[in-house]
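When you get a sec, could you build the whole thing from the sequences and use the hints?
2 protein chains.
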Amino acid sequence: MPRRVSSPSAHDVARLAGVSQAAVSRAFTPGASIAKLTQERIFKAAKSLGYRPNLLARSLIKGESGIIGVVFGNPRSIFFMSALHALSARLSQAQKHILMFTAEGKATADVHVEDLLKYRVDALFLMGIGLSRKLAEQCRDNHIPVVLFNLRSREIKDFASVTCNNRDGARQVGAHLIQQGYQRLAFMGGTTNITTSHERESAFNAYLASRGLPAPIREAGSYDREGAARAARNLLSRRSRPDAIFCWNDYMALAAIDVARYEFGLEIGREIGIAGFGDIEQASSPSFDLTTYTQPVDIMIQEVATLLLSPPQLMHSIHRVVDGVLKPRGSTQRRRN
Amino acid sequence: MPRRVSSPSAHDVARLAGVSQAAVSRAFTPGASIAKLTQERIFKAAKSLGYRPNLLARSLIKGESGIIGVVFGNPRSIFFMSALHALSARLSQAQKHILMFTAEGKATADVHVEDLLKYRVDALFLMGIGLSRKLAEQCRDNHIPVVLFNLRSREIKDFASVTCNNRDGARQVGAHLIQQGYQRLAFMGGTTNITTSHERESAFNAYLASRGLPAPIREAGSYDREGAARAARNLLSRRSRPDAIFCWNDYMALAAIDVARYEFGLEIGREIGIAGFGDIEQASSPSFDLTTYTQPVDIMIQEVATLLLSPPQLMHSIHRVVDGVLKPRGSTQRRRN
DNA sequence: GTGAAAGCGCTAACAT
DNA sequence: ATGTTAGCGCTTTCAC
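Same order as they appear, the protein sequences are chains D and B. Residue 5 is where the first sequence starts when you use my numbering, and the numbers rise one by one after that. Residue 5 is where the second sequence starts when you use my numbering, and the numbers rise one by one after that.
The set of hints was computed from the structure by calculation and includes no laboratory data. Watch out, some of these pointers could steer you wrong.
Stretches of chain D that chain B covers, calculated by requiring three or more beta carbons in the stretch to come under 8 angstroms of a beta carbon on chain B [unchecked claim]:
no., region
1, 94-102
2, 140-146
3, 289-295
List of simulated lysine to aspartate or glutamate pairs, EDC-like, C-alpha gap at most 20 angstroms [said to hold, decoys possible]:
no., chain 1, residue 1, chain 2, residue 2
4, D, K51, B, D114
5, B, K122, B, E68
6, B, K48, B, E68
7, B, K122, D, E68
8, D, K138, D, D172
9, D, K161, D, D114
10, D, K48, B, E68
11, B, K48, D, E118
12, D, K331, D, E285
13, B, K51, D, E141
14, D, K51, B, E141
15, B, K48, D, D145
16, D, K51, B, E118
17, B, K48, D, E141
18, D, K66, B, D119
19, D, K51, B, D119
20, B, K138, B, D114
21, B, K48, B, D16
22, D, K331, D, D172
23, D, K122, B, D16
All C-beta atoms in this analysis are idealised placements derived from N, C-alpha and C, irrespective of residue type, glycine included.
Written as structure tokens, this is what we have:
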């Protein structure tokens with residue numbers, strides 16, 4: 005007798021329970037019209053066979069897979085990471101599942117989205133990464149909701165997005181630094197086309213201008229720790245050294261603190277103010293005590309989930325901007341004046 | 005004319021290209037027997053319609069979905085995080101995809117594995133979380149490879165696993181601490197049934213015993229920062245305070261350093277030695293300079309990928325134990341004696 | 001090299 | 001309440 009190699013089907017269960025295959029389907033469909041007794045008989049047969057409905061087959065018919073495609077722009081981002089987990093928990097409740105890709109170093113999520121579309125995902129969630137116009141249009145044609153996270157782009161204006169209030173955050177950091185008496189401000193940005201970084205920078209610059217201050221010194225780091233450290237070194241080696249640095253995210257700010265303190269021997273806060281953006285867990289560690297602007301993950305993901313689960317027609321061009329709050333900490337505290 | 009709502013099928017393409025639907029299938033199957041010319045005609049038609057093969061339908065026939073199920077035990081673990089991304093990159097090359105779940109606070113991955121099985125995943129990868137015996141057996145019956153990551157359990161002895169060499173790491177840390185002259189050693193563990201933590205602890209204890217030293221003081225923390233901090237406080241408040249703490253992972257070790265330095269005013273290294281396990285990025289920050297044992301993510305994930313992609317028959321009970329190396333750093337450096 | 005036909009495991013009318 | 005039938009979009013014989 006040949007060893008059965010694939011899992012049992014509804015047919016197998018039907019035969020064992022002495023009912024039609026359709027009855028089995030109904031037994032596993034909440035709210036379908038089936039007699040309590042037959043259902044129980046079917047369940048018993050199913051259990052004894054180890055039957056489990058094949059969701060691939062169901063998806064084929066229903067035209068929806070229950071799968072949400074997620075592309076992860078920056079694998080190093082702790083913020084994205086916690087967002088992913090929050091989303092996973094949230095979508096589990098809605099019986100949706102996450103098909104995940106990492107797109108390190110790629111300019112767009114195209115390759116992965118291509119794959120995801122073949123799996124007929126119900127929606128797409130792009131974290132810190134964009135899409136080519138062509139693919140964006142195809143998603144729209146196929147009525148697949150696309151939600152952008154912490155990123156906006158002209159290419160795909162007609163898609164929904166959820167971002168932190170970058171402008172407000174940058175302004176608040178700017179105001180705080182000025183109020184603390186820092187005068188030679190600098191901005192440490194990310195690499196190419198990170199809209200998040202751009203937004204924070206331009207709002208920061210605009211705010212300083214509105215207060216009659218000169219444009220800040222500027223240095224671009226990169227995603228990794230070493231890139232951030234290099235940028236910090238460049239800034240701190242200048243003849244006219246800045247007395248405060250606003251880093252586009254916490255991760256870079258922590259690297260900057262390390263460089264300032266251990267390579268330049270500066271006292272953080274008094275001799276050099278450093279502020280970040282995002283309030284990752286390490287920021288509140290007393291070893292860093294980093295002034296930053298919070299990105300409220302839970303609220304943001306709540307918005308994302310709502311968008312992902314709502315019918316595509318309803319979500320065109322919805323842009324949610326979620327406010328954080330400034331967390332003034334020791335890294336921008338001038339102990340004496 | 006009604007608006008087309010679902011994506012075009014192979015049939016649509018066939019009609020447009022003037023061929024049979026089977027031909028379309030062949031055109032998209034690498035190595036299938038089809039004339040160059042027909043193939044091109046089909047591709048053109050496909051492109052103009054925006055056709056993309058439906059992988060759900062293909063999976064239904066082929067009996068394999070191309071999907072690997074991943075359950076994430078501890079969402080806070082930076083180590084798991086980088087492992088996930090490494091795996092994603094690796095599996096992309098093999099045209100496999102990751103269906104991901106977060107299982108925070110759950111004892112087993114059962115609920116999620118149940119879902120994953122309905123999607124007919126080709127293999128399962130469980131990071132720091134186990135499976136009930138019942139479900140484990142069902143996976144075996146269905147010939148679904150299961151790979152455990154940084155976890156072993158008696159329940160599922162017959163599944164493959166990849167772990168770091170916890171015993172070697174614990175021994176090396178022990179030897180290092182003794183050599184540095186620390187005498188009142190302590191161990192800070194994780195919460196319930198974390199086999200990784202147990203292994204490290206028992207190997208640490210065994211090593212100390214072999215050197216004729218008493219069993220270390222013991223304190224259990226939990227996953228989160230606050231739990232770790234509390235455990236550290238308990239240890240440091242004892243009448244006979246330990247002079248060195250081996251923490252079961254880096255995350256807790258960093259929290260312990262913060263507590264020791266900022267709450268107890270201890271000089272790290274000289275007054276209190278602290279060692280971790282894993283070598284996460286923050287460990288090498290000069291702010292912590294944490295002595296630790298590396299967990300080589302890339303090598304481990306390489307092993308995992310090989311196991312996940314190999315036929316289930318071949319992988320019964322394969323247990324890979326990957327060696328790391330000790331990184332002695334300042335947090336266990338007794339500057340003077 | 002290509003088309004016709006069967007069928008993967010399921011849901012959704014349509015009967016009864 | 002239940003069985004029969006058709007069909008989701010594809011792969012895979014089997015002819016030719």
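Hint-by-hint comparison with the structure:
With 3 residues bearing a CB less than 8 angstroms from a CB of chain B, the region 94-102 of chain D meets the requirement of three and the coverage assertion stands. Check on the region 140-146 of chain D: 3 of its residues sit with their Cβ under 8 angstroms from a Cβ of chain B, so the three-residue criterion for coverage holds. Under the rule that three or more residues need a Cβ within less than 8 angstroms of chain B, the assignment of the region 289-295 of chain D holds, with 4 such residues. A hinted pair counts as satisfied when its Cα atoms are at most 20 angstroms apart, and D:K51 with B:D114 qualifies at roughly 16 angstroms.
With a C-alpha separation of about 12 angstroms, the suggested pairing of B:K122 with B:E68 holds against the 20 angstroms cut-off. Under the criterion of a C-alpha separation no larger than 20 angstroms, the hint pairing B:K48 with B:E68 is inconsistent with the structure, at around 29 angstroms. Restraint check for B:K122 and D:E68: the C-alpha separation of about 15 angstroms stays at or below 20 angstroms, so the hint holds. A distance of roughly 33 angstroms separates the Cα atoms of D:K138 and D:D172; the hinted pair therefore is violated under the 20 angstroms criterion.
The hinted pair formed by D:K161 and D:D114 meets the criterion: a straight-line CA distance of about 17 angstroms does not exceed 20 angstroms. Simply put, D:K48 and B:E68 have alpha-carbon atoms about 27 angstroms apart, too far for the 20 angstroms limit, and the pair is violated. The hinted pair formed by B:K48 and D:E118 meets the criterion: a straight-line CA distance of about 17 angstroms does not exceed 20 angstroms. A threshold of 20 angstroms between alpha carbons decides the hint, and for D:K331 with D:E285 the separation of about 13 angstroms falls inside it, so the pair holds.
At roughly 14 angstroms between alpha-carbon atoms, B:K51 and D:E141 fall within 20 angstroms of each other, so this suggested pair holds. Proposed proximity of D:K51 and B:E141 is supported: the alpha carbons are some 14 angstroms apart, at most 20 angstroms. Between B:K48 and D:D145 the CA atoms are separated by roughly 19 angstroms; this keeps the pair inside 20 angstroms, and the hint holds. Distance restraint check for D:K51 and B:E118: the Cα-Cα separation of roughly 13 angstroms lies within the 20 angstroms cut-off, and the hinted pair is therefore satisfied.
A distance of roughly 18 angstroms separates the Cα atoms of B:K48 and D:E141; the hinted pair therefore holds under the 20 angstroms criterion. This hinted pair checks out: D:K66 and B:D119 have alpha carbons roughly 18 angstroms apart, not beyond 20 angstroms. Between the alpha carbons of D:K51 and B:D119 the distance comes to roughly 16 angstroms, so the proposed pair stays at or under 20 angstroms and holds. Distance check on the hinted pair: B:K138 and B:D114 sit about 9 angstroms apart at the alpha-carbon level, within 20 angstroms; holds.
Of the supplied pair hints, the one linking B:K48 and B:D16 holds, its CA atoms being roughly 13 angstroms apart against a limit of 20 angstroms. Restraint check for D:K331 and D:D172: the C-alpha separation of about 13 angstroms stays at or below 20 angstroms, so the hint holds. For a cut-off of 20 angstroms, the pair hint linking D:K122 to B:D16 stands: about 16 angstroms separates their Cα positions.
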